[in-house]
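Based on the sequences and whatever the hints tell you, model everything.
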Amino acid sequence: MTAPAPALAPPADPRRPGPPGRRSHLPAVTRRAQARLGVLLVLPLLVVMAVFLLFPMANAIYYVFVDFDGIDLTPPFVGLDNFSELFRDPKVWAAFKNNAIWIVLGTIGPLVLGLALALLLWNVERGSVVYKVVFFLPYVLPQVAVAVVWGWIYEPSRGWLNKVLDLVGLGAFTTGWLGNPDTALYAVLATAIWATLGFVFVILLSALRTVDTDLVDAARLDGANGAQRLRHIVLPQIMPVFLMITTITLLGGFSVFEYVFVMTGGGPAGATDVLGTYAYSSAFQLNRISYGTSLALVITLMAVPFAVWLNRLQRRIALDGPGA
Amino acid sequence: MKLFPARTAVVTACLLATACTGGTTESAGGDDGGGSTATLRYLIEQQEDASSQEALQEHIDADFTQESGIEVEVESLPLEVMRTVLQTQLRSGEGPDVFAWGSGPSFGGALAEAGLVRDLTSDYEEHGWEVYDFARERVTVDGKVYGLPGEAETIGLYYNKDVFAELGLEEPQSLDDVRAASEAVREAGMTPMAVGDKEGWEGGHLLSMALSSAVGSDGMEALVSGEQPWTSPEVVAALQLWKDFDAAGFLPESPTSVDYDTSTALFFSGDAAMIPTGSWLVAEIEDNADFEVGYIPFPAPDGPGIFAGGLGSGPYVSANTDDEDASLEFLDFLASPEHAQWTVENLATIPPREVDSDELEVSPLFGQVLEDTAELSASGDFGYNIDVLVSDAFNEAMYDGMQAVFTGQSTPEQVAATLEAAQS
Chain A
5 MTAPAPALAP
15 PADPRRPGPP
25 GRRSHLPAVT
35 RRAQARLGVL
45 LVLPLLVVMA
55 VFLLFPMANA
65 IYYVFVDFDG
75 IDLTPPFVGL
85 DNFSELFRDP
95 KVWAAFKNNA
105 IWIVLGTIGP
115 LVLGLALALL
125 LWNVERGSVV
135 YKVVFFLPYV
145 LPQVAVAVVW
155 GWIYEPSRGW
165 LNKVLDLVGL
175 GAFTTGWLGN
185 PDTALYAVLA
195 TAIWATLGFV
205 FVILLSALRT
215 VDTDLVDAAR
225 LDGANGAQRL
235 RHIVLPQIMP
245 VFLMITTITL
255 LGGFSVFEYV
265 FVMTGGGPAG
275 ATDVLGTYAY
285 SSAFQLNRIS
295 YGTSLALVIT
305 LMAVPFAVWL
315 NRLQRRIALD
325 GPGA
Chain B
458 MKLFPARTAV
468 VTACLLATAC
478 TGGTTESAGG
488 DDGGGSTATL
498 RYLIEQQEDA
508 SSQEALQEHI
518 DADFTQESGI
528 EVEVESLPLE
538 VMRTVLQTQL
548 RSGEGPDVFA
558 WGSGPSFGGA
568 LAEAGLVRDL
578 TSDYEEHGWE
588 VYDFARERVT
598 VDGKVYGLPG
608 EAETIGLYYN
618 KDVFAELGLE
628 EPQSLDDVRA
638 ASEAVREAGM
648 TPMAVGDKEG
658 WEGGHLLSMA
668 LSSAVGSDGM
678 EALVSGEQPW
688 TSPEVVAALQ
698 LWKDFDAAGF
708 LPESPTSVDY
718 DTSTALFFSG
728 DAAMIPTGSW
738 LVAEIEDNAD
748 FEVGYIPFPA
758 PDGPGIFAGG
768 LGSGPYVSAN
778 TDDEDASLEF
788 LDFLASPEHA
798 QWTVENLATI
808 PPREVDSDEL
818 EVSPLFGQVL
828 EDTAELSASG
838 DFGYNIDVLV
848 SDAFNEAMYD
858 GMQAVFTGQS
868 TPEQVAATLE
878 AAQS
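The listed protein sequences correspond, in order, to chains A and B.
Counting in the working numbering, the first sequence runs from 5 upward without gaps.
Counting in the working numbering, the second sequence runs from 458 upward without gaps.
The hints are simulated quantities; they were obtained by calculation from the structure and are not laboratory data.
Note that beta-carbon positions come from the ideal geometry of N, C-alpha and C, so glycine has one too.
Don't take each hint at face value.
Label pairs and their calculated CB-CB ranges [said to hold, decoys possible]:
no., chain 1, residue 1, chain 2, residue 2, range
1, B, Glu515, A, Arg162, 33 to 39 Å
2, A, Asp186, B, Leu536, 26 to 32 Å
3, B, Leu536, A, Trp156, 21 to 27 Å
Where chain A lies over chain B, by a calculated footprint (3+ residues, C-beta under 8 Å) [unchecked claim]:
no., stretch
4, 694–703
5, 847–853
Structure follows, in structure tokens:
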């Protein structure tokens with residue numbers, strides 16, 4: 005990106021071999037001008053990063069070591085008390101458990117269903133655009149709108165889910181989906197999976213278009229069944245894309261907030277609280293800014309290793325193949 | 458490009474981390490170097506009916522700005538957003554000059570202790586602002602008055618008079634009457650009480666009304682002040698009451714799945730015969746219900762009970778306002794009997810001061826609410842709406858506790874113990 009294009013580079017002077025490697029043959033004045041231009045070009049981004057990322061990040065790190073309630077501008081220093089309280093707080097562990105459920109089901113669900121849909125429609129030419137649009141549409145809808153509408157669907161007396169269950173003779177399964185602590189989290193999760201499914205489907209379908217079908221046909225001739233062809237022929241070829249989607253959906257499980265906040269507010273009685281909603285309520289409803297910030301930092305620290313590991317795995321497979 | 462997902466993750470996580478940090482930037486008190494034209498910003502909680510804000514703006518323009526020459530811009534934010542940004546705005550000097558906010562320790566009290574609102578004690582005397590004594594106490598911190606009380610609110614039980622008449626039921630005078638009426642309504646295939654507790658705050662009102670009627674105003678004072686423990690049998694009984702009502706089928710299926718708007722819709726549509734909620738519903742009832750409605754205190758175990766009372770959001774003056782004189786002049790307008798009368802007639806709210814009801818054109822239901830409030834305010838015999846008088850931590854325990862009682866996650870005794878722990 006930074007090396008000048010060969011066609012634009014001045015011809016090398018055969019009498020002056022010059023130092024090998026990266027030294028430019030441009031005059032010093034031009035190099036300085038280019039450097040200044042480069043700095044000018046990246047300056048806006050640096051300012052944005054400093055204002056909206058580095059400063060708030062430093063601010064956040066400061067807050068976790070004090071007890072800031074949003075009012076007192078000289079909050080007392082408390083060292084690691086916020087973190088020690090956090091690990092003793094049963095509500096944190098309950099929220100963490102919900103995050104874990106979300107990470108597992110919220111990752112596996114869209115991947116499995118999205119892959120199944122993509123495989124079903126892999127070789128379908130007629131109407132494929134319609135399928136893509138129909139399945140992708142929920143993903144581009146605002147999460148809040150999706151959450152509100154699904155809240156209506158789940159409503160016990162007027163929502164159509166219970167009405168449909170009644171109609172088909174499954175009235176025994178009707179319940180207050182979002183108000184029942186046994187079903188609320190899974191009801192919200194199902195909404196999120198429904199909304200994410202289209203994204204996974206479209207990406208995987210695009211990846212499937214790049215699969216070498218000769219290999220698939222050869223495997224079929226060799227007697228490989230569908231599952232074997234999927235496992236040994238198809239999946240290895242789309243693995244980098246598959247891992248990319250896994251990374252996105254898995255990290256979404258750490259930072260989940262909107263669906264829970266809108267559909268249940270973490271209730272009933274904290275049954276659907278995840279770390280994000282608990283951090284929010286601690287910071288902004290109980291005015292425990294420092295405690296909420298500590299919680300948010302912990303979420304960050306938990307998510308980063310997964311992101312790095314999955315990214316490295318994806319790169320390695322992309323470069324060396326799935327057997328690496 | 459190779460690190461894109463990891464970087465994205467880090468950035469996302471960092472943003473999440475920083476999202477919870479309140480700003481503490483302390484800028485110089487909002488001196489924007491503008492001219493001397495007095496334009497005040499008046500921030501209020503977002504109204505359910507958007508036309509209410511427009512009507513308020515027009516009223517201020519016509520009855521205040523034209524006389525005083527002071528422009529007022531009425532702004533609004535959802536309550537949840539106000540909770541998160543108001544303190545930061547006030548501290549930075551970028552906040553509103555005058556704003557409507559709740560009373561009690563979690564709301565105006567916290568701002569007063571932080572020095573973010575103006576002390577109005579001397580202004581009360583200077584301008585002769587008249588409000589009910591109990592209301593003035595609610596905006597008083599350490600002997601200093603920091604705001605004008607918001608509209609008075611009572612919490613009680615609305616009932617559909619037409620349905621009661623069809624079923625041959627009388628107005629309930631005790632809890633046994635409520636049970637008998639509920640059974641009759643349920644037998645008729647309707648929902649006896651439209652109760653929703655999905656948001657959580659509704660549970661605080663349910664507890665407030667049942668407990669207020671059970672222990673009376675002195676008993677509520679003893680509980681809120683800490684003289685009486687929240688593990689008292691009366692508190693447990695009030696929690697148990699709602700659990701029993703739910704178990705008996707007096708409430709909609711799974712109240713924790715039903716939000717407030719749905720519960721009111723159940724009542725307006727005639728699907729439910731009663732709704733326990735506050736006087737703020739009067740205007741909506743008049744707009745939406747095509748049947749006669751009665752409003753009574755939630756009955757006590759042995760009698761008619763008392764209303765639980767509280768205050769809505771009232772105006773405060775920012776300590777960092779650029780124009781203190783104009784702000785006080787505007788506050789004087791908001792405290793005037795003319796403005797009180799306008800709010801009664803146009804917003805169907807109950808001002809925290811006496812109004813001459815003979816001059817008002819209001820519905821019989823609202824007229825009754827006004828008279829009840831005036832009587833209660835004079836006598837002082839009303840219960841408490843708990844959530845405006847206690848800390849955020851207590852409120853959270855109460856909201857979660859009521860939901861836990863409904864869902865069976867906790868017993869009433871366990872919830873009472875949690876409330877006591879939150880109080881201390």
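Taking the hints in turn, this is what the structure says about them:
1. Glu515/B with Arg162/A: 33 to 39 Å: At 36 Å between Cβs, range holds.
2. Asp186/A with Leu536/B: 26 to 32 Å: For Asp186/A and Leu536/B the Cβ distance comes to about 30 Å; the hint holds.
3. Leu536/B with Trp156/A: 21 to 27 Å: 22 Å, holds
4. 694–703: violated (count 0)
5. 847–853: Holds, because 3 residues of the stretch 847–853 of chain B bring their Cβ atoms closer than 8 Å to Cβ atoms of chain A.
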